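Make the full structure from the sequences, and use the hints.
Chains W, L, R and A are the protein sequences, given in the same order. Heads up: the first sequence runs through residues 1 to 103, numbered per the numbering used here. Heads up: the second sequence runs through residues 104 to 538, numbered per the numbering used here. Heads up: the third sequence runs through residues 539 to 738, numbered per the numbering used here. Heads up: the fourth sequence runs through residues 739 to 969, numbered per the numbering used here.
What the hints contain is simulated information worked out from the structure, not anything from laboratory work. None of these values were measured; they are calculated from a predicted model. It cannot be assumed that every hint is accurate.
Label-pair restraints from in silico Cβ distances [as the list claims (entries may be wrong)]: (1) M99/W to T748/A: 32 to 40 Å; (2) L501/L to L796/A: 22 to 30 Å; (3) T33/W to V927/A: 28 to 36 Å.
Note that beta-carbon positions come from the ideal geometry of N, C-alpha and C, so glycine has one too.
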Amino acid sequence: MLLPYLLLGAILFVLGLIGFVTRRNLIIMFLCTEMMFQGIILNLVAFGRYPLKGAPTFDGQVFALFLIAVAAAEAALALALVVLLYRYQGTLDANAYRMLKDE
Amino acid sequence: MTDPTIKRIETVLRKPAVIFGAGAAILLLVTALLALAFPLYKPLLSSQFSFSMIVLAVMLVLILSATALCILFERKIAGFTQDRYGPNRVGFWGLLQPVADGLKFLLKEDIIPRHVDKPLFLLAPALALAASLLGFAIIPWAGQVRWPWMPPDAPPLSTQVANLNVGFLYLLAVGSLSVYGVVLAGYASNNKYAFYGGMRAAAQMISYELPLGLGLLVVLLVSGTLQLDQIVQQQAATGVWNIFLHPIAFFLVLVSALAEANRAPFDLPEAEQELVGGYHTEYSAMKFAMFFLGEYAHMITSSALIVALFFGGWHFWGLPGPENVTWWAMLIKLAVYLTKVALFIALFMLVRWTLPRFRFDQLMRVAWQSLVPIGVALLAATAALTYLGWQRNVWASLAANLLLLAVLLRSAARSKRPVTARQEDLPEIDVRPTT
Amino acid sequence: MRDDDIIVLKEPELTPAERLYLPQILDGLKTTLRHMFDLQRRHAVVHQYPEQTREDTGELRTANYHGVHRLNKDPDGRVACVACFMCSTACPAHCIHIEAGESPWPDREKYPVQFDIDELRCIYCGLCEEACPVDAIELTPLYELVSCTREELILDKEKLLQIYEETKGIKPRRNPPVTDYGLTGTQGLDVAEPNMKRKV
Amino acid sequence: MPTLLIAILTLGAVGLFLAMPGGRADTRRVGWVVLAAAGAVLLALLLRLVPGADPRGLFAGFALVAVFAALRVITHGKPVYSALYFILLIFAVTGLLVLLEATFLSMALVIIYAGAILVTYVFVIMLAQQSRPAPYDVKSREPVWGCLAGFLLLILLARQIELFLVPAQRTPLPAPIAEAPGTIEAVGVPLLTEYVVAIQIIGLLLLAALVGAIAIARRRPTTRAESEGDE
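Written out as structure tokens, the structure is:
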């Protein structure tokens, strides 16, 4: 039962990655990182439930909880940043913030 | 100039004998049908799964009709508190008003303005209603029951749709979804008033989920379980309702429940005076009715939750306790539970017609500057009590609550302004005479 | 306004208990509960409208009320209107429709063959009343204006005259019709204005 | 089997590329058809791989919803819809977690993600709403390279997972977790015993994020009142 979960987790992760690379809206980019988190959460919990050896443990779920906490922290910071950037430039286009790279 | 036949129908319907007679007749008919069909569904009653499905169906019908009745009830209470009679035209005492309202909603023109985001516009009311109805799944309506034809050693069935082991976490999860109906309605309407309503709803819901969660966590610490039926059984077994242990937690949950249900004094998302109806400005007919029903269904869920958590659910002193699992005890318990819920709904409505609406900055300040700190302090106190093993000791809990209240009073006395005072960054009003 | 007209009100200081707002909330709930169960006050205040109507003891000022229109009759029982179109011209809502015809009576040239008022369109401003040179159209204090169809509320001449019959006592016609120049009936014709005589 | 998997994933990459925002409407439709075909074959493959366990159909349903929602998140032109599809994705993942007997985690996921994070996202999307579709939403950036790189990675991952699991697949399925699956107790005990340092660090991280968010949002004095509203 582990294989399909791992595959699904990988698909979600990669879709999030593709979205992060191709979309230009900052908010959607952050949504895509959250999507990658979903893939990882699935992976962790599946590994905890169907470990390769030994009895199932709850460690996977514990790690997933940590992951959710990190995601919440990321969302709080990212959204605050996005709002601030939007106030400065009036756009959410990631390309509009290239000047961050130059200086 | 009115049609005489309409007038005649009206006078007939206003006779109490007609209304109550018809009601009794329908009740008798339903009972007779149920009795006749008894052999058909008797096997269904014996297994937990099918019994849960039956509970689901019965409760869904009951609650949807109760929401309709709630609207009448609310208007009656509004009338009474304002020295009026409330609706009393359609049927005796206005009892057929819900039917008239329903008919009106059905027959109104269903307008979808051209400028709206159509899929979301259609989705929003459905979400609002569905999210409020989902919560009913885990309310333990009447404890446990063992039918007379079941063997005496069979495990009793629980009158709950789903006995989740995550308990009221599910309620929190479902409750947090109810914001989407409002926010999406505000967004999809493409109208600035609706938009402001949606924004307010989003900020308000997020803010008030925290004190709600903190209040629930206090109960969790006291009872040590998340399952609502076990929480109720604990209270029934000792006869000590959680409200006696933690009145402040109850107050937190009550206030947050009012805010989560968008009820006055927290009804800013739909404030008629400022936002011409807020998020449901653009809605009409049945879609508007769904928001309406959703709000009342949400109110019933909140009341049921509060009753289960703080008021002992179906328990009342002197009435059958948890060990009595006969069917008549179940009916009594159900009646007790529903009475308590009805009382709470009445309280919600009374509060609405008593208190003025908050201003938005006041609303935020109440949540973040008073309710959240109180909740955290209470949680810490309860955690300390739990560590000492006194979490179900009435005197210890009450002492902790009183101590907290004293600290609150002290800090309130120290602070120069009340939490709901004027916005801080407004200039001071100074109208002193110049000479 | 002088400075000493200004009354400076200081916000009252709240006691610590009041800062918690709970006593106030309970107090408010007490008030609402008191009103909820105060049956006597409710009976005294509320009028069950279609069955009970308020008696006018003077404070209702029904004479000033702008309700349904009526078409007055002159003392001979004829319609007082002379179909001059002043009212329909003055009407901001364009709700008066008049068709004039040759008057069968000697004292006026025209009379309304048809006189319709769309009560659903009317805004009850009373400008028609003021515009009327012969005080033929008036707004009565009747406010019960209901029907099951829209067509029923387009009142024609007969209905308007009927309303006059019904409201004669409630709102007496204040002035005698101007057409008569202060006289009643047709006997004043011989002293009337030259052009009227000429018509005869 | 590996060639089949690679073929499916390539098909998926092509479909995704066609369905990316920016193309013409009919191209995107073609892309969806391709994606649907790839998804169907992948699903059949997954179902064949899975031994006849009981919740197979449920898994398939949730997985399908999850992948569809994820695709919509990255292809939809309107940010609000993306956020809503993300909520759908959360629900699908919640269902999968329930299948994995992690009920507490599933509820936590709904409360935290759907109840708090996504509401904040929707809130910000509404704040930054444009009157008409923004140019940066209707046109994607480097869709070719994005899809290519992503699916290359996915193919590698899938291959690795497969290689890794083939020996493990022979072992019998572990029994369901003890008596009370996924309760708070079962998750909480390791959380507060083995991982107590980690949870402290996470708490610090959250605090830092909170302080940081407030500090960032307070940058301009006019925006202070709004920052109190969000997380």
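Results for each hint:
| no. | hint | in the structure |
| --- | --- | --- |
| 1 | M99/W to T748/A: 32 to 40 Å | 38 Å, holds |
| 2 | L501/L to L796/A: 22 to 30 Å | 48 Å, violated |
| 3 | T33/W to V927/A: 28 to 36 Å | 31 Å, holds |
This entry does not satisfy hint 2, going by the numbered hints stated previously; all others are met.
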